[in-house]
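Taken in sequence, the protein lines are chains G and Z. Numbering-wise (this note's numbering), the first sequence opens with residue 1482 and increments by one. Numbering-wise (this note's numbering), the second sequence opens with residue 1482 and increments by one.
Hints in this document: simulated from the structure, not taken from any laboratory. Even for Gly, the Cβ is constructed at its ideal location relative to N, Cα and C.
Label pairs and their computed distance ranges (CB to CB):
id	chain 1	residue 1	chain 2	residue 2	range
1	Z	1735	G	1533	57 to 67 angstroms
2	Z	1717	G	1738	24 to 34 angstroms
3	Z	1533	G	1503	29 to 39 angstroms
4	G	1552	Z	1734	46 to 56 angstroms
5	Z	1744	G	1725	17 to 27 angstroms
6	Z	1634	G	1745	19 to 29 angstroms
7	G	1734	Z	1725	19 to 29 angstroms
8	Z	1634	G	1521	31 to 41 angstroms
9	G	1519	Z	1724	37 to 47 angstroms
10	Z	1717	G	1607	50 to 60 angstroms
No farther apart than 30 angstroms at their CA atoms in a straight line, the calculated lysine-lysine pairs in the DSSO-like style are these:
id	chain 1	residue 1	chain 2	residue 2
11	Z	1623	Z	1564
12	Z	1491	Z	1623
13	Z	1564	G	1523
14	G	1491	G	1634
15	G	1634	G	1623
16	G	1491	Z	1523
17	Z	1634	Z	1491
18	G	1729	Z	1634
19	Z	1491	G	1523
20	Z	1729	Z	1623
21	Z	1729	G	1634
22	G	1696	G	1491
23	Z	1523	G	1523
24	G	1523	G	1564
25	G	1623	G	1729
26	Z	1523	G	1564
27	Z	1523	Z	1564
There are 2 protein chains.
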Amino acid sequence: MIVCAHPEPKSLNGSLKDLAVSTLETAGHEVSVSDLYRMNWKTVVDASDHGPDASSPLKVALDAGRAFGAGTLTPDVLAEQEKPLWADTIIFQFPLWWYTMPAIFKGWVDRVFTHRFAYGVGEHSDTRYGERFGEGALAGRKDLLSVTAGGPKSHYAARGINGPIDDLLFPIHHGILYHPGIEVLPPFVLYGADRMTGGDYPQVAKAGDYPQVAKAWEQRLLTLESTEPIAFRRQNFGDHEIPSLHLKEGLEPAGRTGFGLHVRG
Amino acid sequence: MIVCAHPEPKSLNGSLKDLAVSTLETAGHEVSVSDLYRMNWKTVVDASDHGPDASSPLKVALDAGRAFGAGTLTPDVLAEQEKPLWADTIIFQFPLWWYTMPAIFKGWVDRVFTHRFAYGVGEHSDTRYGERFGEGALAGRKDLLSVTAGGPKSHYAARGINGPIDDLLFPIHHGILYHPGIEVLPPFVLYGADRMTGGDYPQVAKAGDYPQVAKAWEQRLLTLESTEPIAFRRQNFGDHEIPSLHLKEGLEPAGRTGFGLHVRG
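Next up, chain G with everything else stripped away, as it sits in the complex (with noise of 0.2 angstroms):
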């Protein structure tokens, strides 16, 4: 499954998206396609995503939920909900825009992940807080992020100003897919890409950057197979303390923090 959120099918973007599939293709893979701009995919959350279950006042997490256990969300997000359960592998596409995904992304993900779908699923009580980081409803799936980034490489190192690419999308690799169960490869990430292209794929051909961009992205399509997740610690194995989930002392390395506490090893 190859998600993709980009307003210009002829776009960096664009074309790493139509480059995965005809390689996927080639390779004998089945592909789906959600193409957000292409498919007008509504963004925004509210009542009308959940039907007759819709309460007054409107409770985003329940109303979903229950929504979701009797079936009658809408039509596209059904058939959303479908795809990455269909799916052994799914690659998001997107522009890196204000450090994080652009809007229509964060709206698939708020409209397909619902409640009793992608979290709150499980017993929640004072012993267990659900099937989640490591387990539930998408387990046994690896998500790739695929990302095209305006400035350099250097700018999003370990001590670059915009804070290092591992952390700014933490909260995508972890938070959003490893939640529901994802397992989550190593990102391809595409720097300066404004500087080469002004992000429009016809120039970045004519700079002769386009070649070696396509070459490596096939090479990374090719051996998603082998290639070992990001290590994250699952929750309900033994790693946290019960009930406030924090990490049990002494488990990582001297001298690791923040986000890197939550990777084994």
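Dock chain Z against the given chain G, drawing on the hints supplied.
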């Protein structure tokens, strides 16, 4: 200026927004509200945003920047660019959905914070990479995030399973707000919003939690002027190597890594 992003006026977020308006007006301030759901805010960036300045193929950053320069952005975007210029303080009121802002709010950022207005400002060369991170069109303004989170506070602690709240908010604080020069106040975060309420303000009141919440929020609102902003490092004042924009070695306290590097002291 208050920007609010919740579909239900009778929600905890709606109540906090209303309380902010009444509290600030009573204290003698003028308040402008952008209630994005009530405004039916157009959420996705596309060619129609750039009017006669849209290229084919579309180049999002360049076209928006040209339209900004020519004054041909759409009236809804122009109005929203005026408000933070007019304001001295901006409040963002939103629920944390999937560890970041709802799609409609990201769509406000994507469309309003255009090239040449909020980024791509000033000289870009080998020795200088724009006026940003402490300088820019919105320098002199302050912003406060007022955020509701479904999970309990411990999950967002330094060792909490979700990651530290300061790190989760860093891409907004530093990447979106500090980038065009806004000073960022420590956030007002309400945890356990779902557990109290199902997201519904009358239930909060019933549970007896809301009066205390309201009191804490009024207290924050009435002390905004004396609250110290987060001490993010400025880009163009000697802390960074040129042109890599790596933070110079040795400026931070021992053991500090990740996003924390970008805070002084």
